[in-house]
Amino acid sequence: MKNLLLPGLCLLLLFTCASTSAQNKITVNEPDQNKPKLFTNLPDKIPVNINELKNLVIAENGKMVSLKLGQNSMSSFNGQVISRADDNTIHSVVIRSANFNGATLTLSSSAQPNGTVKFTGRIISFQHGDAYVLQNQNDQYILIKKNFYDIMNE
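Here the sequence shown is numbered in my numbering, starting from 3 and rising by one per residue.
There may be inaccurate statements among the hints.
To be verified - With a straight-line cut-off of 25 Å between C-alpha atoms, the simulated DSS-like cross-links for lysine-lysine are: (1) Lys27 / Lys148; (2) Lys37 / Lys120; (3) Lys56 / Lys147; (4) Lys27 / Lys147; (5) Lys148 / Lys120.
By construction, these hints were calculated from the structure, which means they are not laboratory data.
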């Protein structure tokens with residue numbers, strides 16, 4: 003009888019180890035492709051004036067600001083500066099929109115070693131399915147419309 007006790011315990015331990023799991027399974031969120039679009043009335047590419055970008059990154063916290071969306075367009079991104087960060091070479095602002103529900107403009111500038119200034123930014127709303135990304139094309143900054151899930155992953 004003692005000869006079967008040790009193999010029986012080993013077999014019970016083997017079944018216990020095989021049936022238990024050390025990690026929880028993570029559920030993957032599927033992207034919601036049916037989110038409403040926020041910028042349907044705006045073009046896919048919007049040129050932006052560099053001087054306006056320079057004025058935005060130096061705007062004070064709490065100040066109401068405006069970014070003209072297009073050179074001949076009457077549309078603009080109006081909002082309040084809700085956050086600002088400054089370093090020796092990097093300036094960054096976050097602007098909450100007053101006219102595009104739920105959207106924020108995040109804009110940063112960085113001084114390059116050759117003396118030029120590079121801008122990065124985006125206009126995004128987490129409740130909507132479209133966004134704009136600021137890109138430099140041929141020394142002209144352009145807001146390019148993107149799908150929300152091309153920029154963000156869940």
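- Query: Do the alpha carbons of Lys27 and Lys147 lie within 25 Å of each other, as the hint requires?
  - Reply: Given that 25 Å is the threshold and the Cα spacing comes to 35 Å, the pair is violated.
- Message: Next pair to validate is Lys27 with Lys148; report whether the Cα-Cα distance is within 25 Å.
- Response: 32 Å, violated
- Message: Check the hint pairing Lys56 with Lys147 against an upper bound of 25 Å on the C-alpha distance.
- Response: 22 Å, holds
- Is the straight-line distance between the alpha-carbon of Lys148 and that of Lys120 25 Å or less? 21 Å, holds
- Assess, step by step, whether the Cα of Lys37 is no farther than 25 Å from the Cα of Lys120, and give holds or violated. Measuring from Cα to Cα gives roughly 32 Å; hence the hint is violated.
When the structure is compared with the earlier hints, violations turn up for hints 1, 2 and 4 and for no others.
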